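Enquirer: Chain residues, written in single-letter form:
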Amino acid sequence: MSISRDDVTYIAHLARLGLSEEEISHFQGQLESILEYVDKLKTLDVSRVEPMTHVLDLKNVYRKDSVVPSLDPQSVLKIAPAAQGQFYKVPKVIE
Amino acid sequence: MNYEPVIGLEVHVQLKTATKAFCGCANVFGTRENTNICPVCLGLPGSLPVLNEKALKAAMKVALALGCQVRSFTKFDRKNYYYPDLPKNFQISQYDMPFSEHGSLDICLEGGIRHIRIKRVHLEEDAGKLIHPEEGAESLVDYNRAGTPLLEIVSEPDMHSPDEAYAYLTDLKLILQYLDISDCDMEKGSLRCDANVSLRPAGTTGLGVKSELKNMNSFRAVRLALEYEIKRQEAELSDGRSVVQETRLWNEKKQMTLPMRSKEEAHDYRYFPEPDLPPFVISASEIEEAKQGLPELPKEKRSRFIASFGFSDKDAATLSATRALADFFEACLKLYDKPKKIAHWLIGPVSFQMNSRGQDIGGLRLTPASLIELIDLVEAGKISQLAAKEVLQEMLESGKPAGKIVEEKNLSQVSDAGSLSSVIEEVIAANKKSVDDFRAGKENAVMFLVGQVMRLSKGKANPKTAREMLIERLKS
Ligand SMILES: [Zn+2]
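Top line first, the protein sequences correspond to chains A and B.
Okay, so the first sequence: first residue is 502 according to this note's numbering, each after it adds one.
Okay, so the second sequence: first residue is 91 according to this note's numbering, each after it adds one.
Next comes chain A alone, as it looks inside the complex (with noise of 0.2 Å):
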C-alpha cells in the first residue's frame, strides 16, 4: 500500500496537525511501512473469524440512570485555554 504526500496531508488536516515539508516526507515513509506491516494479515485465511469488536471479553455493561454530583465549573473552567462567565470561550465558529 503506498502512501502519497497528498494522503498524509489530508489526514494531518483532520488530526489538526500541521507538519513541515520535511515531517510530510518523514511520516509517509512511516505511515507506509506501518500499512504494510498490517498488510500481512491479508495473507491469513479469516473467513471464519468473527470480526472483532472489542479487545475485551466483557459485555453489557451498564449504568443506573442516578444522578451524581457534576465538577465545580470553576474549576474545571480554570484549564480551559479561554472562558468568559460560565462559558467556555472559543473563536468564532459561524456556519
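If you're looking for bench data, these hints aren't it; they were derived computationally from the structure.
Because the structure is a prediction, the values reported are computed rather than measured.
We put the CB at the ideal spot given by N, CA and C, even for glycine.
Partner residues aside, some chain A positions facing chain B, computed with beta carbon under 7 Å:
1. ARG517
2. THR554
3. ASN561
4. VAL562
5. ARG564
6. VAL568
7. VAL569
8. SER571
9. LEU572
10. PRO574
11. GLN587
12. TYR589
13. LYS590
14. VAL591
15. LYS593
16. VAL594
Within a straight-line C-alpha distance of at most 16 Å, the following computed EDC-like cross-link-like pairs (lysine to aspartate or glutamate) qualify:
17. B:LYS494 with B:GLU484
18. B:LYS522 with B:GLU533
19. B:LYS472 with B:GLU498
20. B:LYS219 with B:ASP175
21. B:LYS381 with B:ASP270
22. B:LYS209 with B:ASP284
23. B:LYS106 with B:ASP275
24. B:LYS165 with A:ASP558
25. B:LYS147 with A:ASP566
26. A:LYS565 with B:GLU143
27. A:LYS593 with B:ASP175
28. A:LYS593 with B:GLU225
29. A:LYS560 with B:ASP366
30. B:LYS165 with A:GLU551
Pairwise CB distance ranges (calculated):
31. A:SER505 with B:CYS198: 52 to 60 Å
32. A:ARG506 with B:PRO129: 32 to 40 Å
33. B:LYS424 with A:VAL568: 30 to 38 Å
34. A:GLN575 with B:LYS494: 52 to 60 Å
35. A:SER567 with B:GLY157: 29 to 37 Å
36. A:THR544 with B:GLY330: 50 to 58 Å
Please build the complex by placing chain B with the ligand on the supplied structure of chain A, with the hints as guidance.
Expert: Frame of chain A, contents of chain B with the ligand only:
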C-alpha cells in the same frame, strides 16, 4: 418534464432520562451553563463512559413501536470531527451495527395509507450548545447538553410530497409521546428534523442528486423548506442545470433555503469501534419483555375507540391526538359510562377552551371528576347546555366545582311551567313577526322564539320545555 420529489427524514429525539448517556451528570434543560459536566462528558483523560441502562430501554421501546428488528449484538462507534460543541472531538454513535433496523410507519393521508420504511433507529450522544454573541470574535460553549442521550430515527426515502413528510413527523411524534420517552418539544430542541430531498423524472425509479436541509424548528418549517427546495431544484433541472449535492439551511426570515457555507472538506468521519465501551448482547427474552411492556399505541387506540364506542374516524383521531387527552377521556370513562357524551364535551367545549387558551388538557384547571360533575348536571336537566358552557368557562377561571358555580350564579335550569310562562309571554309580545310566521305555517320560526326565551332567561330555561310551551301557547 414532470418531476417526482423523493424525501427522506432524519429525526433526532432527546431521551427523557435522569442522567446523560454515558455519565451520571443530570440530563436537564434550562440549568445554568456548564453546571452538568464531568470528566466523562468533557472527555478528560482517563475517564470511562458507561451506558445508561434506561437510555437503552427507551431506545428499545421506540425501535419496537416502529416495528424495527433489534440487533442481538450491537456496539458503539466513534464519529470523529472537530467542532467546539464536541468536547472530545468525536461523538459516540453507532455505525455499522445500529441498535435496530428495518421498521416502518404507516401514515394516513387523504389518498389513503402510505407505508414509510424506517431504515434504522440508533442511540448516540448529543453535542453541546454554541452561542454566537453579536460582538466579539468568539463563540461561547455550554456543555450541559454534551453527552445527553439522543435517538436517531432515519427513514428510507419513501416520501414524495411535503405533506407526506409532515404527516410522517406528526405520527412519529405522537408515537414518541405515547411511549413517554421524550418531551418532543421542537422549540426546546428535544425533537429535531433534517430532510433529504431530490427530484427524479416522474415514473422513473432512480435517485437524483439530493440536498440536505437543516435548521427547521417546527414541522411547519419542514414542510415550507421542502416546498421551497422542490421548486428550486425543479427550476435548476428545467433550465438544464444540475442540482449540487450540498447542505442547505432553512432561513425562517427569508422563507428560503440557503447553502451552508461549505466546511473546508467533505465529511470524513473515520468511524471506528468505541474502545471504551464493550459490546451489548440483547437476548430474545429481553426484547419480548420490552414488547409486552409497550403501551397501547395511537393506531391501536384509535381502532379501539372506533370499535368499542362507535366513534367516527375523525373523533377517534381527535381524542387520541395527544396521549394526555386520550388518558383524560379514559379517566372520565371510569367515572361515567357514557363515552359519546364525554367525547362530545372533550371535542367540543373543552377543545374550544384549549385552543382559545393555547393550552393542552394538562394546562387547564380541569380534572376528569370536575368535568363529569358538569356533564352530570347537564344530563340531569339541572342546567342547560348553554349555561354549561358558561360554567365550564368559570370553572377554568376560578377552579371552583361546577355545582358551586351553578349555585352562586343562580344558573339552575328552569323547567317548571309557572316560572317559564311569564318569559314566554314576554317573548311572544316582543316578536310579533315570528309569531305571525309560525301561525302562517313556518314551523322554523319557533326556533327563533326559543332562542329569545333562552336569551331572556340568561340561558337558564330548559329549551325543550320552552319549545313545547311555546308551540302549545301559539296553537291555542
Ligand atoms: Zn458528565
